[in-house]
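Asker: The listed protein sequences derive, respectively, from chains A and B. FYI, the numbering for the first sequence is 1 to 223, going by the numbering used here. FYI, the numbering for the second sequence is 1 to 167, going by the numbering used here.
Not one of these hints is a red herring.
On the chain A side, residues computed to face chain B include the following (Cβ under 7 Å): (1) Val-24; (2) Ala-26; (3) His-127; (4) Pro-134; (5) Lys-171.
Short derived list, chain B residues pointing at chain A, Cβ under 7 Å: (6) Val-36; (7) Pro-37; (8) Gly-130; (9) Gly-133.
Worth flagging that the hints you see were computed from the coordinates, not collected in a lab. Note that the structure is a prediction, hence the values are computed from the model and not measured. For each residue, glycine too, the CB sits at the ideal point set by N, CA and C.
Each chain, letter by letter, is given below.
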Amino acid sequence: MSIFRHRGRSKPVLALDLFVVGLVVAGIIGLAFGRQGGAPPVRVSGTVPEHGSPMPHPVRVHTHHEPRPVKAPSRLAIPSIGVRTNVIRLGLNPDRTLDVPTDYSVAGWYALGPKPGETGAAVIVGHVDSKDGPGVFYRLGEVAPGDLLGVASPNRSALWFRVYAVREYPKAAFPTALVYGQTPKPELRLITCGGPFDAATGHYLDNVVVFARQVETSGAHPR
Amino acid sequence: MRRFLIGAAVVTSAATLAAPAYPAKKASISVSPTSVPAGSTVHISGSIPVKGCPASDGATVTAEAVLFPPDGFGPTAERDSNGDFALDYTVPTSTPAGSYDVGLRCGGGNVGVAASLTVTAIPLGGPATGAGGTAHHSVFWTAFGASCLLLAGIAVTLRQRLARGGR
Chain A
1 MSIFRHRGRS KPVLALDLFV VGLVVAGIIG LAFGRQGGAP PVRVSGTVPE HGSPMPHPVR
61 VHTHHEPRPV KAPSRLAIPS IGVRTNVIRL GLNPDRTLDV PTDYSVAGWY ALGPKPGETG
121 AAVIVGHVDS KDGPGVFYRL GEVAPGDLLG VASPNRSALW FRVYAVREYP KAAFPTALVY
181 GQTPKPELRL ITCGGPFDAA TGHYLDNVVV FARQVETSGA HPR
Chain B
1 MRRFLIGAAV VTSAATLAAP AYPAKKASIS VSPTSVPAGS TVHISGSIPV KGCPASDGAT
61 VTAEAVLFPP DGFGPTAERD SNGDFALDYT VPTSTPAGSY DVGLRCGGGN VGVAASLTVT
121 AIPLGGPATG AGGTAHHSVF WTAFGASCLL LAGIAVTLRQ RLARGGR
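Please build the complete structure, drawing on both the sequences and the hints.
Answerer: Structure below.
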């Protein structure tokens, strides 16, 4: 290594050596960052049943717990990350994957599943980003257990859900039954994309899932 | 009370009509909850009188093959001395949405009772909720890293020339 052979001979040469070492280190760090490029980081937290059904013991579901029929959601609020958005209805694509909103700034509710407030897991999805910039759920990974999620329907007071877990799953191993399966009480799931971005397919490799349970008290109408 | 009696009479006559091979009145099956998304676990319970089928024979639940793959036969549950049984079954995530009649077999015969289970659709896999617009910093950092290494290479060359010149 000729770089080190003349070490200490002259100050300009020593400075250049250090500069080269600095550049190599910066280069390696830069390339490492580049490989990890993707959605904003997610603070995985809380606990969910990691395998099997969300109902480890069979539960008799009493639908009469619902004081009055709930309606389809039209607004969603996540105060902890400053999200207030419209909610549209979503169905399935011909390949049975979940449809997603064409508008990156609104969220969508899976209308073939339960409504928020009904027994079971209501699912609302939103984009983490578009081709041009952040989407409605860009900061979803910052949500933490204890945060409140508000869902409202036209002319109804909001239903509130408390977050109990935030998880990131590879799309290749998405826990469909855990996310969409029956639950003994009304729950809510928020889903967006996360993890590394695969430029070849144009898709992120992971999904971020926020798990929440309905809280008994109702609150202000999310605007 | 009168309503209950009428209801009981209807149930009894229905069971008798539906199960000619098992004249005992108590053959029954129920599924809870009655409607679930695919991938959920349901509780199936019921009773097959020991007169029609000895208690040593298990109760096998049956339905369309998409509910109980691959052949339409579900799990077999042991029965107690009264002929009662109970089991938990997780509906496959692949089961299409629809209403399914869950029947019962015992001792090689069809008991002739059924309960309805409605399966609602769930999406396949995770949603495609991103287009990569905010992932571009990966391109930036890759370019930055490559530039740094290139500069380092140039500097090494320069350094060698400088060292040679200084000799």
